[in-house]
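K.L.:
The residues making up each chain are set out below.
Protein chains: 2
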Amino acid sequence: MPTSPDCLKAVEYSRANRQTALDGLVDLLRYATISSQYPANQAEFEKCSEWLATRLVKMGFTQAQVLPTREGGAPAVYAEWKGAGEAAPTLLVYGHYDVMPVDPLEEWRRPPFEPQIDDRAIYARGASDDKGQVFAILCAAEAWLKGSGSLPVNLKVLIEGEEEMLSPHLEALLVEKRDLLRCDGIVIADIGGLGPEVPLVEYGNRGNCPMEISVSGPSKDLHSGTYGGAVDNPFNVLARLLAALQDGETRKITIAGFYDKVKEMTTQQRQYLAAMPVTDEVGLYLTGAPALGGEQGYPLKERVSSRPDFEIHGITGGYTGPGIKTVIPAMATAKISFRLVPDQDPDEVFQMVKDYLAQLAPPTVRLSFTLLGKSYPATMDLNDPVVVASDEAYRRVWGVSPVFIRGGGSEPVVYMFQQHTNPAILMTGFGLPDDREHSPNENFELRQFYNGIEMMINYFAVYAALAKGASLF
Amino acid sequence: MPTSPDCLKAVEYSRANRQTALDGLVDLLRYATISSQYPANQAEFEKCSEWLATRLVKMGFTQAQVLPTREGGAPAVYAEWKGAGEAAPTLLVYGHYDVMPVDPLEEWRRPPFEPQIDDRAIYARGASDDKGQVFAILCAAEAWLKGSGSLPVNLKVLIEGEEEMLSPHLEALLVEKRDLLRCDGIVIADIGGLGPEVPLVEYGNRGNCPMEISVSGPSKDLHSGTYGGAVDNPFNVLARLLAALQDGETRKITIAGFYDKVKEMTTQQRQYLAAMPVTDEVGLYLTGAPALGGEQGYPLKERVSSRPDFEIHGITGGYTGPGIKTVIPAMATAKISFRLVPDQDPDEVFQMVKDYLAQLAPPTVRLSFTLLGKSYPATMDLNDPVVVASDEAYRRVWGVSPVFIRGGGSEPVVYMFQQHTNPAILMTGFGLPDDREHSPNENFELRQFYNGIEMMINYFAVYAALAKGASLF
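Line by line, the protein sequences give chains W and G. Per our numbering, residue 1 is the first one in the first sequence, and the count goes up by one each step. Per our numbering, residue 1 is the first one in the second sequence, and the count goes up by one each step.
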């Protein structure tokens with residue numbers, strides 16, 4: 001697909017105005033929008049959301065507004081540009097302007113909210129996650145609007161302020177603003193490539209079902225000299241219950257029906273996965289384990305992205321100080337989680353676990369279960385123009401196709417958007433593995449920022465063409 | 001067996017001199033001999049051991065001396081009386097003058113080293129454990145020496161200062177002083193009856209083999225979103241290994257050969273056990289468990305005293321804070337212990353556990369094991385005069401025979417004395433379940449103190465007669 005003259009004008013504009021884009025990002029990064037400290041730092045959120053709304057107007061957007069969320073949550077920012085007309089498709093850009101905490105502060109070489117720039121990168125909390133990435137998309141839109149006078153698509157922008165807190169009020173907002181947010185596809189830039197030469201598109205992610213299981217026995221801690229042999233030790237029972245959840249040979253989860261809703265990967269998905277440069281040797285290097293483990297019968301790349309998983313994260317109760325205290329603890333509690341894949345449902349899995357363990361537990365103990373959150377697994381349609389367009393756009397700027405993978409982690413917002421807005425989502429991003437997201441000295445490479453702007457300029461054009469029925473080949 | 005006139009004189013003397021005995025105990029309790037704080041409080045130990053040596057001379061003993069222990073440990077006190085002649089048997093009395101710490105101090109109604117007396121009891125740290133009990137034996141000897149002019153047995157006294165620290169230097173002392181401590185039987189009064197009407201003789205105890213088992217996998221904690229399915233989680237493996245140590249139905253330990261050296265109780269032992277007033281209902285009341293557990297095929301009283309046992313005390317590693325953190329921990333460590341019964345050996349059991357788990361562990365993890373101490377199981381001969389004599393002596397003072405049981409806890413000193421001094425040991429005591437040993441407001445009932453003195457007065461006479469070939473019946 002040839003690059004259109006208007007698209008070239010937008011690229012030209014963006015190259016001539018890199019300093020303006022960078023200055024804007026510096027301004028955006030000065031706001032200390034740490035969502036876990038909200039509302040103590042409410043003023044920062046008010047100033048930052050106002051700044052974004054004002055900037056969106058300057059870029060050429062209309063309807064720019066701060067959207068309050070329910071229950072006094074941090075506000076979101078909305079804007080739109082509808083100049084492409086009703087025949088053109090509409091994209092919704094989602095991003096977040098809140099950031100992670102900055103502890104340990106003493107490890108930062110510069111204060112986290114005083115952005116610093118060197119030849120390579122811009123340094124500040126939020127530089128990569130997600131202010132820098134979402135701002136790159138906004139700059140791409142601005143380049144179209146100012147370089148060629150219009151965009152090839154209608155654009156809506158939603159930038160929320162609670163993503164690092166797992167977006168507690170986003171779903172209500174999506175429901176409430178369903179009409180305002182109506183679109184043909186959604187673009188999220190909040191991840192990173194596998195390296196500067198290997199851009200990434202994530203077309204799915206695993207859900208999660210984290211829980212606590214408590215086993216209680218005696219009414220108080222007992223001395224095992226006096227009572228050892230009288231009662232079942234809750235830790236001994238807990239070990240048996242946890243061991244019973246997973247087969248020691250196949251590492252399959254042993255709950256009947258657990259895999260009933262698990263979809264095997266499609267042929268197309270397996271073909272895409274084959275392009276991902278991750279071997280067992282890489283896995284051993286990255287984990288430092290004596291040998292790789294996990295479910296038998298599936299290669300590493302599939303196990304960490306497209307297969308469910310059971311993990312124990314910690315066990316509390318009893319004596320954990322130095323040496324030994326020969327106590328029979330009154331209670332033992334395990335924190336565990338199950339990673340889920342489409343079409344598994346975290347509520348159903350929680351119930352399965354409860355039923356299975358209740359049936360296995362002896363009458364010498366009592367069990368209790370607490371669900372510690374839940375997120376749903378999701379996949380996106382690889383053949384929707386919103387995804388397909390990214391391939392051509394990346395090839396134009398990076399010279400290579402992105403790697404298409406399903407992510408192993410959980411992205412609650414994807415499922416929310418799919419449920420309430422539109423299932424067609426492009427999840428990509430311009431970060432890199434060394435950006436130190438969530439850590440001190442977070443940074444965003446300038447080359448990734450500028451290339452990200454150009455990729456998105458091209459993406460708007462390619463998506464518009466594909467949505468009108470064009471073919472890439 | 002009738003009570004001899006000399007024995008009656010001793011009893012008479014003790015009744016006429018109760019105030020002197022009590023005053024002596026008050027003096028002894030003023031020394032703050034907390035062994036876990038040694039040598040910071042070395043002066044207290046010096047003063048207390050000197051006081052004991054001086055008091056023993058006043059009581060009529062000879063050779064009274066402070067015995068230093070190796071490596072600068074707290075000293076012991078020794079004294080003897082050999083006036084019964086070579087034809088008479090020799091008993092060794094063992095006790096300890098060190099005490100437990102006093103925290104939390106604010107819960108004491110009176111300072112722990114300012115003894116207080118009311119109609120019922122004497123209150124101070126060490127009142128019951130063990131100053132009051134060992135002092136009762138010394139007062140019984142004094143009553144013989146001053147009331148009738150001699151004792152029917154030769155007597156040796158060893159009072160150590162490190163029992164609450166698990167007697168780290170006692171074994172070396174027993175070896176070094178083997179000739180000095182030679183005897184026909186040993187008397188220890190450091191436990192309590194089941195109630196004021198139910199005196200107790202403990203003729204055995206379980207050993208213990210406490211250890212840590214560490215399972216390490218990845219070289220650092222990993223995020224389970226990214227790596228879940230790539231490696232075996234050390235906690236998942238640890239749960240399987242711990243579960244494999246014990247059968248979930250029979251609760252038997254599953255290591256091959258673990259029970260090979262376990263001796264079943266003898267008919268005589270079972271007859272004695274039948275006298276112990278502990279039913280399943282009592283077990284449920286004392287433990288507060290929903291139902292009793294433990295090894296199938298053995299009654300509660302046998303399970304807690306004469307059968308080995310496996311307990312998990314705590315598990316460290318991973319995330320144990322509030323909520324969830326979906327980490328695959330680099331390492332998981334369990335603190336566990338095995339209670340052992342004759343003739344199991346803690347070193348052999350440690351090796352068995354290591355071999356068994358090493359063979360079960362997958363190649364995805366590494367195991368390490370740390371032995372956290374060890375104590376040997378022991379039983380005493382129920383038919384030795386040193387034990388038999390206690391029955392008549394208790395019946396004379398309490399009006400009932402004591403309950404003869406094997407204790408479930410571990411008493412390292414018993415095994416040391418059996419190995420190096422003499423296997424014939426009477427383990428009894430005059431404490432009560434409410435004495436608050438090791439807790440604030442420790443106390444010792446005056447009735448138990450005075451009755452304890454009289455019981456020991458009678459015991460010396462009965463033992464001397466039995467040792468010369470007399471029969472109780």
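Since the hints were derived computationally from the structure, they do not count as laboratory data. One or more hints might be untrue.
The list cannot tell twin chains apart, which means a pair is met if one copy fits it or any two copies do.
Only pairs whose alpha carbons sit at most 20 Å apart, straight line, appear in this in silico SDA-like list of lysine to any residue [as the list claims (entries may be wrong)]:
(1) LYS177 / ASP434
(2) LYS177 / ARG270
(3) LYS325 / VAL102
(4) LYS220 / GLU176
(5) LYS252 / GLN419
(6) LYS354 / LEU367
(7) LYS177 / GLY297
(8) LYS374 / GLY24
(9) LYS325 / LEU372
(10) LYS468 / ALA88
(11) LYS468 / SER368
(12) LYS325 / PRO104
(13) LYS58 / PRO322
(14) LYS9 / GLY288
(15) LYS325 / ASP103
(16) LYS468 / ALA64
(17) LYS261 / LEU166
(18) LYS177 / PRO290
(19) LYS146 / ASP345
(20) LYS82 / ASP221
(21) LYS261 / TYR298
(22) LYS82 / ASN451
(23) LYS325 / LEU166
Nothing here was measured: the structure is a model prediction, and the numbers come from that model.
K.L.:
A separate judgement is required for each hint: does it hold in the structure or not?
P.N.:
Now the hints, each set against the structure:
1. LYS177 / ASP434: So LYS177 and ASP434 fail the 20 Å test inside a copy (36 Å) and across (68 Å) alike.
2. LYS177 / ARG270: Neither. Shortest intra-copy (37 Å) and inter-copy (78 Å) distances fail the 20 Å Cα cut-off.
3. LYS325 / VAL102: between (39 Å within a copy, 18 Å between copies)
4. LYS220 / GLU176: So LYS220 and GLU176 fail the 20 Å test inside a copy (50 Å) and across (43 Å) alike.
5. LYS252 / GLN419: neither (30 Å within a copy, 52 Å between copies)
6. LYS354 / LEU367: Classified as within; 9 Å inside a copy, 31 Å across copies.
7. LYS177 / GLY297: For LYS177 and GLY297, the Cα distance exceeds 20 Å both inside one copy (45 Å) and across copies (67 Å).
8. LYS374 / GLY24: neither (37 Å within a copy, 68 Å between copies)
9. LYS325 / LEU372: between (30 Å within a copy, 10 Å between copies)
10. LYS468 / ALA88: Classified as within: same-chain Cα gap 8 Å, cross-chain 115 Å, threshold 20 Å.
11. LYS468 / SER368: neither (55 Å within a copy, 64 Å between copies)
12. LYS325 / PRO104: Close across copies (18 Å), not inside one copy (35 Å); limit 20 Å.
13. LYS58 / PRO322: neither (62 Å within a copy, 45 Å between copies)
14. LYS9 / GLY288: Neither: 49 Å inside a copy, 79 Å across copies.
15. LYS325 / ASP103: Between copies, since 17 Å is at most 20 Å while 35 Å is not.
16. LYS468 / ALA64: neither (28 Å within a copy, 108 Å between copies)
17. LYS261 / LEU166: Neither. Shortest intra-copy (25 Å) and inter-copy (58 Å) distances fail the 20 Å Cα cut-off.
18. LYS177 / PRO290: For LYS177 and PRO290, neither the intra-copy (51 Å) nor the inter-copy (52 Å) Cα distance is at most 20 Å.
19. LYS146 / ASP345: neither (46 Å within a copy, 85 Å between copies)
20. LYS82 / ASP221: Neither: 67 Å inside a chain and 48 Å across chains, both beyond 20 Å.
21. LYS261 / TYR298: within (17 Å within a copy, 46 Å between copies)
22. LYS82 / ASN451: Neither way: LYS82 and ASN451 sit 25 Å apart in one copy and 100 Å across, limit 20 Å.
23. LYS325 / LEU166: between (40 Å within a copy, 13 Å between copies)
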